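Using the sequences plus the hints, can you model the full thing?
Protein chains in written order, with our numbering: chain A, 1 to 275; chain B, 1001 to 1419; chain C, 2001 to 2244; chain D, 3001 to 3222.
FYI, nobody ran anything at the bench for these hints, they're computed from the structure. These figures come from a predicted structure and were not determined experimentally. Yeah, the Cβ is synthetic: ideal placement off N, Cα and C, and Gly gets one too. One or more hints might be untrue.
[What the hints assert, rightly or not] Restraint ranges, calculated between C-beta atoms of paired labels, are given here:
id : chain 1 : residue 1 : chain 2 : residue 2 : range
1  : A       : N88       : B       : P1088     : 18 to 28 Å
2  : C       : E2162     : B       : E1406     : 51 to 61 Å
3  : B       : A1194     : A       : L9        : 28 to 38 Å
4  : D       : I3004     : B       : D1105     : 51 to 61 Å
5  : B       : I1256     : A       : K10       : 30 to 40 Å
[Stated by the list, open to error] Derived DSBU-like pairs (lysine-lysine); straight-line CA-CA distance at most 30 Å:
id : chain 1 : residue 1 : chain 2 : residue 2
6  : B       : K1249     : A       : K7
7  : B       : K1305     : A       : K273
8  : A       : K147      : A       : K171
9  : D       : K3040     : B       : K1183
[To be verified] Derived list of chain D stretches under chain B, where covered just means 3 residues or more per stretch with a C-beta under 8 Å from a C-beta of chain B:
id : segment
10 : 3025-3038
11 : 3130-3142
12 : 3210-3220
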Amino acid sequence: MKNFIEKLLKIDRRVIFLALTLLLVFPIVRPLGLPNKNIGNEVKALYEKIEGLPPGSFIMMSLDYDPATRPELHPQAVAVIRHAMRKNLRVMILTLNAGATGLIDEIGERMPKDIAPGKVYGTDYVILPYQPNPVAVMTQIGMDMYKIYDKDRDGALLKDMPVMKGIRNVKDMQLGMCITGTAMLDYWVAYTADKFKFPFAGGTTAVSQMGYAPYLQTGQLKGLMGGMKGAADYETLIGVKEKGTSGIDALSLAHMMVLILIVAANIMMLWLKYL
Amino acid sequence: MLKTRLNFAIIAVLFAAQAALAATPAPKADAAQKQELSGFAAKDMPYDKGEAVLLTWPSGPADVPGASYQVLASSGGAWQTAAELQFPADTKLAADFELPFWAWDRRAQAHAVQVELPGLFPDFKLGDEYKFKVKYVNGKVTAESPEAQAAPRPNLFNLARLNNLVLLVLITVVFFWTVSHAKRKGGLFIRRIAGLDAIDEAIGRATEMGRPIFYSTGIGGMSGVPTIASTAILSEVAKKVASYDTQLKVPHYDPIVMTVCKEVVKQAYTEMERQDSYRDDTNFFVSQDQFSYAAAVDGMIHREKPAACFFIGYFMAESLLLAEVGATTGAIQIAGTDQESQLPFFFTSCDYTLIGEELYAAGAYLSKEPMIQSTLKVQDFGKAFVMVSVAGGSLLLMAGTWFKWEPLVTAIRQIFKAY
Amino acid sequence: MSETMMIFGGWVAAGLTIFLFSFLYKDNPFFKIAEHLYLGAGMGWVFQTMLFQTWIPKVWEPLRAGDYYVLIPSLLGLTLVTQFFPKISWVSRYGFTFIMGYGSGLVIPLTISTDLMKQIGGTISPFMVSEITRGNATSLLNAAIVAIGFICVLFYFFFSVEHKGVIKKASNVGIYFLMLYFGAAFGNTVMGRFSLLYGRFDDLYKYSGERFHYATFVILGAMVLYFIVDHFRTRKPAVEEEAA
Amino acid sequence: MTLIKKHIPLAICFIVGLLTLSTYYIPTKASENYIEVMNKWENIMAGFAFLLGLFSLFFSHYNKMKRKVDGWGYSLFVFVGFFAMVIPSVLSHGRQMVGPDLTGLGWGYRFLFNALSGTMFSVLAFYIVSTAYRAFRIKSAQAGVLFVAALIVIVGKVPLGQMIWETVLGWTHVGVTDIVQWLMDVPVVAGKRGILMGLAIGGIVTALKIVFGIERQYMGKD
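Here is the structure:
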């Protein structure tokens, strides 16, 4: 018996890899449709913040993620933009991460198709080009954003667009958001939100979500979406089920697998030690 | 030292500037006026770049619901106003200003309105004088204030941010004190880190078992603090290895780090007078590719079954791959990194883990490197400050609210706030 | 974009994904090719973004319009590149000093306000209670846990005194708070990594369909075949290499 | 020569650092103008800083190919990947879409870069599972606490876990999501905040060292 357990503990990791593959492929081929019920407080806070904004309010969204974290963060961005458009808010999308421009183009392309048909580019939303040096942009956007962003993504003069009416810096905006898998959200909090007293919220990968707990407690962040679960929560709140929600089945199974493996391995260890 | 003095000089100038500018909203009634609304005053808005004017007038029993004020401004021509300058009579009070007690009197029973002039007058020019008045409307009752004049001017110091500046000065002073002390002989006191004892134990075991020891400095370059700390610990490990005559293997990711480590290990052997047993292939280059490096080191650990593995330095995702193999081959594993996201993995699969600053401290303890030491000391000072502030602040705040000492509560809250 | 290009794209995407996954079995040339492609493509993407969204609109167009002020930052930026030529590498210092001085000057006061002042303020402000009621007892307790835990963690990272007596006890409590944080982070990391994997599997599933002529399956089969052939070709008798 | 090579750059760093620092405390128009100019300049300069990464990647792989070191052939693919992005981009002027049509750049992004970049880090999910099984050992009370926290989060974040918790521990009337929320609101705040302090002060000290010219690693060797 002991021999067997020892062997089992040192099992080739490729066997585990294979088991995980099969487990994850299963819900993709045949969705289980588990309900996503318990919604995180921080996601709810963000939803309510946007829900409470009067029509015409201005939201700045800094989408700073690249395809490496797309499955977690892209659904978050889409869900929030969808909500904002539905509430007739104005949205300005920018990025400080050069890898994100392709994903933003994808959003731009989807806007008239399914995110917000009927909304007009330049009147309801605008997409700005990538800019290097995040801290310079964050500092300038708190004072006079046109000094850095003189044109939109397609080279049109930004100041003249109807969507930018009455906007000069973050003091004229009602909410800022940064969705990122890097430390960009920390920068936004320090360089713009705190310095210019700008209400700010965030979306992060699950890996870094816990690290923002102190900023949430102090109110430096008004809300936070963490990982795919955060995206699924937001999709549930606005009642549009998309990529975030569909991943929850696979996550459920994989989580259980990790748990069972840890517990089983530790029981086997104890067995070896004491029996 | 000259730089220290220069810094003080600049800060001294800043202090002198702010002393001259401390502001209080002081409504000065103009007795000669007949209108109902008295005490209306206009002055430069303090702590700004010079584009706004502050209007104040006393608040009083007339500020009932339903009543409203309207502020009007003129640059000599027609009176201008804006939507945000018309407001209910019980709003826009001095108490609404987010400014701390040392820069603003929030208890003043007065209305205070900040008028941004460039918004009202597109041809705004710094230095121009502007006229202001305020109208009161409550149903059919109306009143108007006398005109008041003011020219906005730029302010030299944002007094509200004094708390920030004081802390900065404090940190700077402590910083220069530690730098000058760290460079002296003996350096600064840093306690021994418990994790270093685990190193002795691991090397002892490797000697008993006659198996090699693996030491990885991670994938950081030589400029990183974790890598510098790691080479200091490597030196300690190499000394022990030399005296026990065990075998040490150091696979490398970065050629420059490898060169430095070769010197470090050679030096350690020389210090223990075991030059004869030093081998140049102790340090060897593997791959400058994150995952290939991990795969190759994994293979070596799997084949050679070392008695102990050290993963100390800058690690990213490869931490998972490395620590797992060591754990399955039954090696004693000691890890250390400042990468928060990797710490959980190291902690679960290693026997001892140096967490973040502990790694720096271990490096500073062993190397007496003045740069790491001084940083560590300032951090300690900062932590002491934070501990005292949190303990004292929370007790005082609780006592203050409990016994209703309003000034104490306000003072404490506003000191620890950013403006 | 024609349908052929779409299908070809599906094959490329599925192929590269499987090449990268093949590392799970063993380090192999296909993985290395895909990995190097990734390095190059990533740089290429950033380069073209820079070119069309920064350099052309921010440097080239103003220059053509006669705004020569942009020459100063451009030249300073270009000095950085002299780093690669040892003889004149000192020129790059002029660029670096601007970047470092500016970055350092900006960050100092902001860190003091965001990470020191506000965090202390956030820890102490929940203690503003005038009486202990059933309603606020829990929140007060939680606030006390945060404050005590915070102080204990700081004791753990305090290196100027020996850890003896009360300080040792406090730092021992501190480490448990760190463990709770790391544990929660670990749990969340598990979720994050699975989300990414799910995203890739979702794509692979899409490319396994008829529309893409079963790209995923074909490439997967080819990879398995490669590994079988490789196994017999390079069979080593003694050491079994650990899968990386 | 040391004046030009060393003292002037250090002086620039000191002056720029101090001026930038003071803009936080000094609200005058001059201070605002200064920081606005700096922001504009730094914005453009940082674009060129990207060339550093690009050149060092190119040089290292070019050297590998020139010296024919082990596996030099792979280095070729770095250039293949680079030009696979840049050439179509130049042809389409950096546009991914022309009307409803995908350009070569858009194709490259969607099928090449997206697949490669997305997969690189998803591989780690596999390692997490095998680490969980083969290396996650509860050897001490501390590791035990870590495990309990991890377990609660892993269970509480997904519907299946919540259902299992309800079935097994439903009688306690404590929802697992409430515990996850409490973890995030209380102990995690304390733990992370403790780490944050060290990082924050460390950051301030490093910045001070740079401004005062004590830390000059970025300047390279003399």
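Hint by hint, here is what the structure shows:
| no. | hint | verdict |
| --- | --- | --- |
| 1 | A:N88 <-> B:P1088: 18 to 28 Å | 26 Å, holds |
| 2 | C:E2162 <-> B:E1406: 51 to 61 Å | 43 Å, violated |
| 3 | B:A1194 <-> A:L9: 28 to 38 Å | 29 Å, holds |
| 4 | D:I3004 <-> B:D1105: 51 to 61 Å | 54 Å, holds |
| 5 | B:I1256 <-> A:K10: 30 to 40 Å | 37 Å, holds |
| 6 | B:K1249 <-> A:K7 | 28 Å, holds |
| 7 | B:K1305 <-> A:K273 | 21 Å, holds |
| 8 | A:K147 <-> A:K171 | 16 Å, holds |
| 9 | D:K3040 <-> B:K1183 | 39 Å, violated |
| 10 | 3025-3038 | holds (count 8) |
| 11 | 3130-3142 | holds (count 8) |
| 12 | 3210-3220 | holds (count 5) |
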